[in-house]
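Taken in order, these protein sequences are the chains called C and E. This note's numbering numbers the first residue of the first sequence as 24 and each following residue consecutively. This note's numbering numbers the first residue of the second sequence as 1331 and each following residue consecutively.
Just to be clear, a hint being listed does not mean it is correct.
Here are the simulated EDC-like cross-link-like pairs (lysine to aspartate or glutamate), alpha carbons at most 16 Å apart as the crow flies [unchecked claim]: (1) C:Lys208 x C:Glu355; (2) C:Lys368 x C:Glu358; (3) C:Lys79 x E:Asp1395; (4) C:Lys104 x C:Glu122; (5) C:Lys213 x C:Asp421; (6) C:Lys104 x C:Asp296; (7) C:Lys242 x C:Glu222; (8) C:Lys208 x E:Glu1352; (9) E:Lys1343 x C:Asp296; (10) C:Lys467 x C:Glu428; (11) C:Lys242 x C:Asp211; (12) E:Lys1336 x E:Glu1352; (13) C:Lys156 x E:Asp1415; (14) C:Lys141 x C:Glu222; (15) C:Lys79 x E:Glu1394.
Far from chain C, by Cβ distances over 12 Å, these chain E residues were calculated [said to hold, decoys possible]: (16) Ala1332; (17) Leu1349; (18) Tyr1357; (19) Leu1364; (20) Glu1369; (21) Leu1401.
Derived from the structure by calculation, the hints contain no laboratory data. These numbers come from a predicted model, not from an experiment. Note that beta-carbon positions come from the ideal geometry of N, C-alpha and C, so glycine has one too.
What follows is each chain in one-letter form.
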Amino acid sequence: MSTHYRPSIGMEVHAQLLTESKMFCGCATRFGDRPNTNVCPICLGLPGTLPVPNRKAVEHVIRTALALNCRVAPIAVFYRKNYFYPDLPKGYQISQYGEIHPIGTHGYLEIELNGERKRIGIRRVHLEEDTGKLFHYLPGESEVDYNRAGVPLMEIVTEFPPDIHSAEEAREYLVQLRAILTYLKVCDGKMEEGSLRCEPNISVAPEDSNTLGVKTELKNLNSFRSVVRGIEFEVQRQIQVLESGGQVVQETRGWSEEGAYSFPMRTKEFEQDYRYFPEPDIVPIQITEEWLESLRATLPELPLAKADRYRKEYGLSDYDAKVLTAEYDTAEYFERCVALGVEPKTACNWITVELQARLNETNLPISQSRLTPAHLADLVALIKNGTITGRIAKELFDEVFQSGEMPSQIVQARGMVQISDEEALRVAARQVIAENPDTVEKYKGGKTSVIGFLVGQVMRATQGRANPQRVQELLREELERV
Amino acid sequence: MALTLKQMRHVAKLARLELSDEKLTHYMHAINALLEHFETLQAMPLDTVEPTSHSIPVFNAFREDCVEEPLSRDLALMNAPEARDGLFIVPRIVEE
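If we strip away everything but chain E, and leave its shape as in the complex, we get (with noise of 0.2 Å):
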């Protein structure tokens, strides 16, 4: 299977980047490309073999419920674009 441009633009819409067709058609040739390779992989018989989510074979790297120090208010807001009494202040998006 290979993206069309109109995938392209949903793709790019979802994620938020603002791209024009030039350079989306730039990005759909090298996405392509990379799908190609998988249709490779698909050839191949991987009935027997488990998926994995990870190619580590770790598990259960667990904390245990302890409570540590937080990071100091002032600190956490220092780079905030916007702040005021303790709270980040951020562009409305939904008008409820």
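Just chain C, with the same shape it has in the complex (with noise of 0.2 Å):
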């Protein structure tokens, strides 16, 4: 009989911050500009300057804390990790250390895997600086952009022994994970371009073992999918060096998303040992009960209580809350809609079908689309007073998107309005009965559901305007006396 092992998965996440400026010095943090464009004295780590934190930066740590139902410390310290590699060029990092007055610290998360909640445990919140980029073009040599060195950088990191057992779980906690993120605007959450990293530290151990197994670490996943398919395969390695009688090494592995397998990384001289102290150019971070209590004021609905609410109150499924919630933008757009008068349901399908794939096209935010809530609601009202048929509306749908323009508008100015002509569709639904002999025998014989065809043609006669619905009850009658 073969060994069953149990995945354990910790999750380290680092988050860059949404602010204006850096971490510690006034330079911006505008990503894609020309590289050391966006340096000074401080960020360059000359001699004689000093550090001073961003106070937006340090408050959507202590927001994101709260969120994950984090212990915020009262006093909070800087240190210094000392390492000697050029992508800082101070010679180390400032940092927060371990267990030792971090921002948030004992929280957790809470995910939804197939109808179940669980909670991911979190063992810290902390607030860092990021690095300079490297780039290794020419052999023996690496040339550096420090246009990111000292943007503002939360690190989150899942308890110890882990909670998450996996890929699933890790793929359902990242995305809860970026959604309060994006919730609490404190990052964008953009896994492509790196402002959300995730390592995953990686173990197995047979299912009755109480202990873990030797872990890895992985690195390099730029998505939600490279995040699911690099723990499927790295747990899947792991258990075939045990089964063959191996030993798996703690290393740092890389993740190539190409050839789907990971690959070990050079692992260092030495262990690492990163001498951290106290930083002694930034005084402590004092987190007094009044801060705290006017930034839990700030605090948004959070995704799972927005989509329990969506359940009850608009009857929605699973799946359309989970939908219309994954994006703060989305639910913000869903709620204007609701707002307008739309009703719940319809409101959701326009948005997570019409409206996502036009988005998808196009690569736009929801938040720039041109067909606003209020484009919307003015297209469902149409529908709803009879004016235009669904059909016509998905046609206006698509021109609004490109336009803008109001689609009451446009059906005014085009005469677009629904043929409400009790007898100009009648002419209609006996002229089609009249072209089409074959179908009304199959109609006459039995075959009801030939009367979709019928119904096809009559639209297709009248351009669309007519109400199908309403062009089927006229084509009973008008069979019935064939």
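Put the complex together from the two separate chains, hints included.
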């Protein structure tokens, strides 16, 4: 009988904080500027300069810690993490040290998988600075751009021993975490651009064992897809190593998305010893009850709570509630539609199907859609009062999405109003019946489903300006008389 | 506790200092003298004293999130031992 292995997965996530300026100086945090144009004596680590923490970055981390149900330290302290690598010019990174006075500790995040809720423990949430970017083009040298050096970075680490035991759970954790960070507007959550980075550590152990196996850490996971595939691969690799009598080596491994495999990255010459010590240039952060409460008051309704409310208040399905609440801007769009009188399920369908498809095609965020909730409400009202058919509405949707014009104005300007003249429709129905004797015969012979074809013909004859339900009724009546 | 020569070598390596054993022994005695001083402190009854990372009772020296004028790129690269196309050039540390 073969052994069953249970994976255990710890998640270390780095999130670039949404601020205008860097963590300890006034340089811009903009992405994509020319190399070394957002640098100053402080982030270049020139002698005699003093770092001063960005209040907004500190508040972003405190708010995240609160949203993740953490204990917030009354006193938080920065430390120097010393290492020799040219991605930071100072020779150290200003960070927070393990369990000693990070901003948040002992929190949890809830995930929902297959209808079940599960708590994932959060060990700590802390604040540090990002590093510069190195390029290795020519042999023997590296090129360095310090634009990113000193950009505020938040580290979120899950509890040990891990609560996560599958790639699916890891993905769900990351989805929820990303949703929370974007709801809080502390991070833009773009994994492809590196503003949200995930480094899982993975181990496997026989199911009945009460100790954990040797873990490896995975890097280069730039999408949710890579996270799932990378973890699944690494779990299988480790099981194979153990099954063949080998031992898992504790190491950092890179993930190749193209090749779908993980590979060992060069291990350091000797064990890391960062010689942490309190950063003498920065005084401690005192987080008073008042400050904490004023920040707590700024927390928005979080994704899972919102999804709950959508189910209860609007009767939406689990799936719909989840899709609508995955992004703050989508949820906000939906709520504005509902506030404008659109029936929730109708709003949900238009947003998650038609709007989402066009946003994907054009690569636009929902916040920049020219088709606003007001446009959608107008469109839905036109269908509801019988002015236009669903088919016309879909055509209009495209047009409005491109032009940003109000649907009711387009309809009026173009005479796209639905034919409500019963007699005109009846004439069209008779005409179609006369032109399709074969189909009529089938219908008469009991194959009533062919009426769909006849409805389609009438819709075509009226350029889609008829109400299909009414057309079907009229066709039935007319077919009785044949 | 006192540092051994082996620990001194490790510390020197961490700090990327190239020092002869002779020098290291010299510094080892100096550092051990300092550590002895801490032994005296260790013996003090300090259970009721809060540990501090800073000696002055000042907290929350922040700056607001405002962008300021950066250094010009030419100035930033001026003292770099080597630079090219606006980038600092450094010796390769890790082969990836």
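Verification of the hints:
no., hint, verdict
1, C:Lys208 x C:Glu355, "holds (13 Å)"
2, C:Lys368 x C:Glu358, "holds (12 Å)"
3, C:Lys79 x E:Asp1395, "holds (6 Å)"
4, C:Lys104 x C:Glu122, "holds (14 Å)"
5, C:Lys213 x C:Asp421, "violated (27 Å)"
6, C:Lys104 x C:Asp296, "holds (9 Å)"
7, C:Lys242 x C:Glu222, "holds (5 Å)"
8, C:Lys208 x E:Glu1352, "violated (57 Å)"
9, E:Lys1343 x C:Asp296, "holds (11 Å)"
10, C:Lys467 x C:Glu428, "violated (46 Å)"
11, C:Lys242 x C:Asp211, "violated (20 Å)"
12, E:Lys1336 x E:Glu1352, "holds (13 Å)"
13, C:Lys156 x E:Asp1415, "holds (15 Å)"
14, C:Lys141 x C:Glu222, "violated (21 Å)"
15, C:Lys79 x E:Glu1394, "holds (7 Å)"
16, Ala1332, "holds (19 Å)"
17, Leu1349, "holds (16 Å)"
18, Tyr1357, "holds (16 Å)"
19, Leu1364, "holds (15 Å)"
20, Glu1369, "holds (20 Å)"
21, Leu1401, "violated (5 Å)"
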